[in-house]
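Peer 1: Protein chains in written order, with the working numbering: chain X, 202 to 314; chain F, 15 to 330.
In short, the hints are calculated from the structure, not lab data. Be careful, since some hints might not be right.
Okay, the calculated bits of chain F under chain X, using three or more residues with CB under 8 Å as the criterion [stated by the list, open to error]: (1) 174-182; (2) 300-313.
SDA-like, lysine to any residue: derived pairs with alpha carbons at most 20 Å apart [to be verified]: (3) K304(X) with L322(F); (4) K304(X) with E174(F); (5) K120(F) with R233(X); (6) K304(X) with G244(F); (7) K140(F) with E265(F); (8) K304(X) with L245(X); (9) K120(F) with Q132(F); (10) K304(X) with I310(F); (11) K304(X) with W286(F); (12) K66(F) with E48(F); (13) K66(F) with E20(F); (14) K120(F) with E231(X); (15) K120(F) with F236(X); (16) K120(F) with G245(F); (17) K166(F) with A275(X); (18) K140(F) with D260(F); (19) K304(X) with S295(F); (20) K140(F) with Q213(F); (21) K140(F) with H195(F); (22) K166(F) with D202(F); (23) K166(F) with R233(X); (24) K311(X) with G245(F); (25) K311(X) with E323(F); (26) K166(F) with F236(X); (27) K311(X) with I310(F).
Treat the numbers as computed from the prediction; the structure is a model and nothing was measured. Ideal placement from N, C-alpha and C gives every residue a C-beta, glycine not left out.
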Amino acid sequence: MTAPHDRPSAVELLEAVREWMEKDLMGGIEPRLQFHTRVAMNVLDIVSREIAMGADQLESHTALLASLGVDSDAELSQQIRNGEYDTRLLEVLERLRPVIEDKVRVANPKYLR
Amino acid sequence: MANDAEELASGIRVVMNATDVSGLRRLTGGASRETWRFNADGQDFVLQRVRKGTPGGLRTEPAVLAAAHRGGVPVPELVVDGSRREELERPFMIVRAVQGETIARKILRDDEFAGARQALPAQLGKAAASLHRISASEVEGLVNEDQIDRYKQVLDDLGEPHPVFEVAFRWLEMNRPVTTHQCIVHGDFRLGNMMVNDQGLSAVLDWELAHVGDPMEDLGWLCVRAWRFGGPHPVAGIGTYESLFDAYEEESGIRPDGHIVRWWETLGTLKWGIMCITQASAHLSGMARSHELAAIGRRVCENEYDLLELLTLENS
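Input sequences plus hints: build the corresponding full structure.
Peer 2: Set out below in structure tokens:
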């Protein structure tokens, strides 16, 4: 919960809407809309997880970029394209792994092996 | 709309030389096509027509479909090539309807497709091998472009750099395999574009992206994790690389090289990652507002994750 707001918190509000979709809405609509509703519920889940984990993940991402001596993904991308990492492509991949896993953890945690 | 459909039905009567056209109804189509189903003199057909206001025609698709049919690839039979005809206002083609299911999740999970799942990996290998035997010169006007250059350009135009994608581009450039031969490739050879019945593959659909290229492109694309739809195995979620390669070799006499297929699978994963950005941007730009397209934007990282796995595996 984030001051100055009252409860429900942002995540609790998303949960409330999601529960209504799952328990009430889904039962009364045609299959095509059920599919799109499932997509919508999935979107709410992504937002909930991002609210829960986003701040820590931003910190890790910023720290990673700093440790590689760049300010942004764009700058790192340019260096890689210029060939500056050609002899250590796997090394830079391993450095990027925690950040990518963070993204998947928010977007679709079941995808992680 | 009713008038449009009536007008279309009478146009179909003319091009099919049919006395009775009935049951005309529109199915969901792609971004540039509309798809209709109908019955003419007691038989079922599918019409594909270029959407109003869409530039370009059907291009090479009817010619590719006909060549694939001659080559023994299971495809819907082309009945009318309307790519240069004007009776239906816009370029079109009519094929005989094929019965079956295209929805990947049903094919992978429903009981009625249990037998199909056993047969599919080998059938896909055989279909690909038959297609790849066709000479590239058999169809005129097919695109032949470097996929790496093309997708680098697409990514740059989107303006959303991703370090993992850049690593993948560099790795692909530094490890580019020697092309065995150039042939017609389907270009979107994957579950979702396959019509499947209880016996397995009944037709390869959606030849819109056919082009000239390396035959292993189709096998790699088939194995991209997104096209496994949650299934545990590399080939369409249900088969092993070996089962695919065995069938391909039996039909063509050529054993696919696993490393080359993995190179194309890696490029395919990179391509799908970039396509996810493209789809989300169609929503963000206002071209096609849709929460489904928006959500696909958050699937980009699945491909970054898969690239981590693929590149680590291929270099260990």
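Peer 1: If a hint holds in the structure, say so; if it does not, say that too.
Peer 2: Okay, the hints, checked on the actual structure:
1. 174-182: holds (count 7)
2. 300-313: Three-residue rule met by the segment 300-313 of chain F, so holds; n is 6.
3. K304(X) with L322(F): The given pair, whose Cα atoms are some 13 Å apart, holds under the 20 Å limit.
4. K304(X) with E174(F): Since the Cα atoms of K304(X) and E174(F) sit roughly 15 Å apart, the hinted pair holds (cutoff 20 Å).
5. K120(F) with R233(X): Between K120(F) and R233(X) the Cα gap is close to 15 Å, so the pair holds against 20 Å.
6. K304(X) with G244(F): Holds, at about 19 Å.
7. K140(F) with E265(F): holds (6 Å)
8. K304(X) with L245(X): holds (16 Å)
9. K120(F) with Q132(F): holds (15 Å)
10. K304(X) with I310(F): holds (13 Å)
11. K304(X) with W286(F): holds (17 Å)
12. K66(F) with E48(F): Cα-Cα ~9 Å, so holds.
13. K66(F) with E20(F): Holds, at roughly 17 Å.
14. K120(F) with E231(X): holds (17 Å)
15. K120(F) with F236(X): holds (14 Å)
16. K120(F) with G245(F): It holds: about 12 Å lies between the C-alpha atoms, which stays within 20 Å.
17. K166(F) with A275(X): Holds. K166(F) to A275(X) sits at ~14 Å (cutoff 20 Å).
18. K140(F) with D260(F): Cα-Cα ~9 Å, so holds.
19. K304(X) with S295(F): holds (19 Å)
20. K140(F) with Q213(F): Distance ~15 Å between K140(F) and Q213(F) Cα, so the pair holds.
21. K140(F) with H195(F): Given that 20 Å is the threshold and the Cα spacing comes to 18 Å, the pair holds.
22. K166(F) with D202(F): holds (19 Å)
23. K166(F) with R233(X): Violated: K166(F) and R233(X) sit about 35 Å apart, past 20 Å.
24. K311(X) with G245(F): Given that 20 Å is the threshold and the Cα spacing comes to 13 Å, the pair holds.
25. K311(X) with E323(F): holds (16 Å)
26. K166(F) with F236(X): violated (33 Å)
27. K311(X) with I310(F): Answer holds: K311(X) to I310(F) is near 16 Å, not above 20 Å.
Checked against the numbered hints above, the structure breaks hints 23, 26 and satisfies the rest.
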